[in-house]
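Those letters in the sequence shown? Residues 17 to 252, per my numbering, in order.
The hints are simulated quantities; they were obtained by calculation from the structure and are not laboratory data.
All residues carry an ideal CB built from backbone N, CA and C; glycine is no exception.
Computed beta-carbon distance windows for the label pairs: (1) R46 / E72: 18 to 26 Å; (2) S213 / E42: 40 to 48 Å; (3) E93 / V69: 19 to 27 Å; (4) T140 / V214: 34 to 42 Å; (5) A96 / R197: 28 to 36 Å; (6) R197 / G148: 43 to 51 Å; (7) I216 / L139: 35 to 43 Å; (8) G45 / R197: 40 to 48 Å; (9) E72 / D137: 29 to 37 Å; (10) A96 / R73: 20 to 28 Å; (11) D61 / L139: 21 to 29 Å.
Listed next, the in silico DMTMM-like pairs over lysine to aspartate or glutamate satisfying Cα-Cα at most 20 Å (straight line): (12) K209 / E173; (13) K201 / D187; (14) K131 / E41; (15) K210 / E173; (16) K201 / D223; (17) K131 / E42; (18) K201 / E191; (19) K210 / D223; (20) K209 / D223; (21) K131 / D32; (22) K209 / E198; (23) K201 / E173.
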Amino acid sequence: MSRKDPAVCRVAIVEDHALQRARTEELLGRDGEFEVVFSGTTAPDFVAWARSVPRERRPHLLVLDLMVDREPSVDVELVASLLAAGLRIVVLSALASPPLVRGIVRAGVSGIVGKRDSEADILTAIRAVLRGDEWMTPELASVIAGDPERPSLSVQEERALVLYASGLTVDQVGEAMNIGRETAKQYLDRVRKKYASVGITVRSKLDFGRIAWVEGYLEPGFPAAGPAGVDGSVSE
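Please work from the sequences and hints to get the whole structure.
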């Protein structure tokens, strides 16, 4: 099947982890069924590229990760606008942020694959979405429903938790989220108070790190570097 064969589906990939992105490229390109026309790290990069190329080179489908390390999460409104423009989207994500996943589903994304699902599941999901069908990972039901014992965090609170637990200072968290330092500190204080309300004490950066590990936001053993506050407040 030639590169210009109209039966070949053009696919774009947005994934910030180089190994995951390379493997997804390899998976989609191995049988000639798909042509990867873009592969990059962020949704804004993809949008800028799509605007710069002729319509006939734009993708039919986007494989999209939702969260980028130390960068803002994918914007739900952007996803909705891409869907409205006719782009099919399959989310390939760790599904670490239930509020974000719920927002993406409400926006109209019909294919969601977890990063613990198989490579066959990724291909099945892509083919289903291209047909106009839905494909949802078995994880999704529990992600959407949520754990009733788990404090309900907003997308911004979860993002602040992940960034801070990964070793950033409060100032760096604010920069990564494009918000002020005091706003970043407020998000982290809200996280601390919400966990305190269910009997979980959060007094230091290591405590934030343990929460992030237990909840699946970070890999177990990920070092929460930097100074640790011990006064019940967020450290600098």
